[in-house]
Every structure is written in C-alpha cells, then in structure tokens.
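K.L.:
Based on the provided sequences and hints, a complete structural model is requested.
Position one of the sequence shown corresponds to residue 310 (my numbering), numbered consecutively onward.
Worth flagging that the hints you see were computed from the coordinates, not collected in a lab. There may be inaccurate statements among the hints.
Label pairs and their calculated CB-CB ranges [unchecked claim]:
#, residue 1, residue 2, range
1, T404, G323, 39 to 45 Å
2, A563, A518, 52 to 58 Å
3, R454, K756, 49 to 55 Å
4, R347, P315, 35 to 41 Å
5, L519, P762, 37 to 43 Å
6, P523, R454, 38 to 44 Å
7, D322, A563, 49 to 55 Å
8, E394, R347, 27 to 33 Å
9, P523, A409, 21 to 27 Å
Quick reminder that beta carbons are idealized off the backbone N, C-alpha and C, glycines included.
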Amino acid sequence: MRGRAPSAPPDIDGYEFNHFLAGGGFSDVFVYTHKWTRRQDAVKVLLRHVGGKRSDFEAEAKAMAQLSAHSAIVTIYGAGITPDESPYLIMELCTGDVLAELKAKPYPVEKVLAIGVAIAGGIETAHQMGILHRDVKPANILLTRSAKPALTDFGIAGSLDGGSTIADAWSTQWAPPEQIDGREMTPASDVYSLAATLWTMLAQRSPFALPGGPNDNTSLTGRVRSANVPPTRASGAPESLERVLRVAMAKNPAHRYPTAADFAYALNDVQNELRIQPTPLEVFPTAGSAPAAPSVERSGTVASGYTPIDPSGLASGTNASSTAAAQTAKRSLLRSQNPHHVARESAERASQVSKLPIPDVIETDTQLVLPSAPAEEPDANRVAPVTSQRVPAAVVGGSLAVIALAAGGYVLVSKGGFDEGTSTASASVSAASTPVDAVGEEVPPVKDLKIKPSGRRFVASWRNPDPREGDEFVYSVLDPANDSEMHSTAATSVTVAGVEGRTCVQVALVRANGRPSEFSKACSP
Numbered sequence: 310m311r312g313r314a315p316s317a318p319p320d321i322d323g324y325e326f327n328h329f330l331a332g333g334g335f336s337d338v339f340v341y342t343h344k345w346t347r348r349q350d351a352v353k354v355l356l357r358h359v360g361g362k363r364s365d366f367e368a369e370a371k372a373m374a375q376l377s378a379h380s381a382i383v384t385i386y387g388a389g390i391t392p393d394e395s396p397y398l399i400m401e402l403c404t405g406d407v408l409a410e411l412k413a414k415p416y417p418v419e420k421v422l423a424i425g426v427a428i429a430g431g432i433e434t435a436h437q438m439g440i441l442h443r444d445v446k447p448a449n450i451l452l453t454r455s456a457k458p459a460l461t462d463f464g465i466a467g468s469l470d471g472g473s474t475i476a477d478a479w480s481t482q483w484a485p486p487e488q489i490d491g492r493e494m495t496p497a498s499d500v501y502s503l504a505a506t507l508w509t510m511l512a513q514r515s516p517f518a519l520p521g522g523p524n525d526n527t528s529l530t531g532r533v534r535s536a537n538v539p540p541t542r543a544s545g546a547p548e549s550l551e552r553v554l555r556v557a558m559a560k561n562p563a564h565r566y567p568t569a570a571d572f573a574y575a576l577n578d579v580q581n582e583l584r585i586q587p588t589p590l591e592v593f594p595t596a597g598s599a600p601a602a603p604s605v606e607r608s609g610t611v612a613s614g615y616t617p618i619d620p621s622g623l624a625s626g627t628n629a630s631s632t633a634a635a636q637t638a639k640r641s642l643l644r645s646q647n648p649h650h651v652a653r654e655s656a657e658r659a660s661q662v663s664k665l666p667i668p669d670v671i672e673t674d675t676q677l678v679l680p681s682a683p684a685e686e687p688d689a690n691r692v693a694p695v696t697s698q699r700v701p702a703a704v705v706g707g708s709l710a711v712i713a714l715a716a717g718g719y720v721l722v723s724k725g726g727f728d729e730g731t732s733t734a735s736a737s738v739s740a741a742s743t744p745v746d747a748v749g750e751e752v753p754p755v756k757d758l759k760i761k762p763s764g765r766r767f768v769a770s771w772r773n774p775d776p777r778e779g780d781e782f783v784y785s786v787l788d789p790a791n792d793s794e795m796h797s798t799a800a801t802s803v804t805v806a807g808v809e810g811r812t813c814v815q816v817a818l819v820r821a822n823g824r825p826s827e828f829s830k831a832c833s834p
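P.N.:
Written as structure tokens, this is what we have:
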C-alpha cells in the first residue's frame, strides 16, 4: 500500500530495534540487532490491519523454513507472534536486490548466467519439496552482504497439488501466460518467470515492456499471451543464450524446460560455450530421498573447463582396459543424453510440507551440490541444444568417469554461497584426485572444414592435421528445429541432409584412446 506510514516496530525478545527498512503492501520490514551475537537481522511483520492474511504469512514461513538452508534462498532464523498478534519472520539481512542494481545498469552476461544457475538450484529444491514460488522476479532476488543472490518472498507460494494462496498478487511483467489466465501452474511456470527475470537483467527492462509504450496492464498481458519473446540484444549475449531464454519462456508450458534443473543445465551449456567456469547446480534432497546420480556422461562434466586427459594414464602403448575405456568413451559421445530430470514431489508430500511446524531456529544442514553439466533441451522444445566448443569431458571415459562415480555424482559441502569464480564440484575433483596427464598434448581440431551443396544435400569435408592410427571423427548437423544427433566416421567427408536456412555442421577428431579435440564448425554459403 503506497503512501502509508511505517507501522510501529514490535518488541521481540532477544532483539533490539534498529531502524525501518522497507514497506510492502501487507508487511513492513525492520532491521533488528540480536542482543547476544550483535548480528543484524531483517524482521518482516505482517500488517493485518491493511488486509494481510495470517494464513498466507504462515505459508511463507513454512516454505522458507524448509528451504532456507539453501545458499540461494534467504535464510530464516525464526518466527513468532507479536504481543498484538501480528506474525513476524526473522530473516537474513540482505543489503541490496537485483531490481535496485538494474536501475543503474544492466548485468553482464557472465553474472546473469551465474545468478540464473544459483537461483535455479533454489527453485529446483523448492519444487522437490512440493513448493511453487509463483512470483520470481528481479525484486525478489536479494543480494546478501557477500553479494550472493538469494530468492525471497514466498508469500504467494503454492503447492504442486494445485493449492495456492493470494490469487492476484503476482507481477504481470514476469508472470507466465497460464498464471495470467488463471490456469494450473507447474514447475515450468517458475522456469518461465526465472527466464523472464534473467532477460530483464540483460536488457534493463521486462521482456514485453515496450520502450515507447503502451505498458499498461492490459497491453502487457496481451503481449505475454501472444507476442514472441524478443531478443535481449544485450552486449556479449550469444544467440545460444537468446535461444535458451526463448525456450524457457515458450507460451506452452510443455515446450519449456520441464524443470529448473534442466534450465540450469542449459545455462551451463552457454557458460561452456563462452569458456566461463560453469556454476554448480546446488540442490539438496527432500527428507528420506536423494536425487538420482547423474549418468556417466553427465557426471563427466564435473571437470567442465578442464583439459581431458588420456584415460589410459600411459605415455605410450595400450592395454585391454584402456582400449575398452576408449570404446566406451566414443559410445558415450554418440549416445543421446537425456536431460537430468529431478522428480517432482507428490501431492501427498506437498501437503506434508505445509503441515510441518516452524522451528524457532533453522539450522544449516549439510547439503548436496550437483556438479554443473551441459543439458540438452527437452524433446518438446524441438530446438538444437547449445553445445560447448569442446567435446564433453565424458568422452574421455576412464579416469574422469571413475572419479565422478566414486563420488556418486555428488559433492558434499556445508552450506556455502554463490561464487562466480569457483565451481565447488570442479574444485573438489581437481583438489582430491586430478589424474596426471601423461600424454601432455592436445588433440588438434580438424582443418579446412567446408560445406558444399550437392543437389538437395550437402557435403562436409575436412582435413586431419595430424593423422594417427585409430583416428575417428564425430559430427552432427546443427538443426534449430530438431535435436542434433551425433554420428561417427573414419572418413574425412560426409553427405548430410540440408536444413531450413543455412546448413551447419560441427566436427571433432577423436583419437583411438578416446581423447577428443575441440569442435570445428562450418556453415553452407
């Protein structure tokens, strides 16, 4: 409610009032100091006299209590009732928010990708617990005192069994079409809102707001329902990122990434393409269960950004185990990789979460960090997956796969935050058991890759710059309308079917031991 005076700060046992921080439609936020630790915390107090619903506030408290151990969710320290029976939450004090920073300048691509993966981990964790956020937007991504992003405001959160609270409190500019139309929401709905938020961070305006207007609610909702997602045209944003955002913001929820984890992996792919250290996806399991371990192919990307090594570990020669590892590596490269789906909790689990008590103090538990990994886009999207410039680390099989499987595909860490400069999973592999590269040489990429028309088809040809016995090549046609299928050949030319627009082919050289080169890419005239 605009224009009203702040409410009176309540007396809270063990805390000293410091100052008023901010006011919203149905609540005020104050800064208090804990008397014993001298830590400053934020206290959010429901304003019942202006229409705030205690049931909605309690729903937010329960949701955040279950999720606040996640580094990308604002931490809740406690909850209670004031003497005048107004509920309050004691939360981590954050020093800024994405929306405030956006007023000064857009975010750089590298930071947008890192924040996107971090917040996706928090959203995926919420979905596993049966909770939909329903209002992901720039103003609800706060920045902690260490400048790490943290999602807040679960005040209109709903459960995956269809339940919800406030029916009309979400923000049109970042809401998916199904929310605007009052239709059922799914995890893909939060994926849409997160993608719209990342779009805003890049472009410094919401996706369907026109610089010259009109931008009234009717005009905005009309564009959300029917207009194509425009490109951000942000400096440094590759077409692959624009494509990922378009998929995540598809009008039909079935055409989006079905889970926040899938969306995060697509963002990891863009990071790989830009040679940015991939941000690990942090998801901790629900009580009594744990996410399925990633496949060998997925686990191999624990070492994304590292140079693949000879799985045999020998400077020369081969043996039965190394040959088998190389063959497995080649097969793994050619196999289609299914997206790493994290199972949605049942409606029964969602109802159980809503009934859990609110503890006075939420303790931080050990949690799981899923290694960052490139992700293929869902079949429903029918678009070409973003590919990194290097053959995935899984193709080397052997050593890296053993490392990943020995860890079960996960790395246990105490609660940590978002760090743009380091990948927790990757660092753990590197520090604990990085094998020695006995070969000491890169596999050179193919040379002189060319695409020429041949009737209604195209011939791709290339040159092996350093032929060795057992060399093979892997290639795929980059088709924006279909998932790219990887093939292998011992020849230095192939004939492929053309695709609408320009036909593009990517090729990599793979040694007999499974060691790959970078991909080379060429397109038809």
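K.L.:
Which hints, by number, does the structure contradict?
P.N.:
1, 2 and 4
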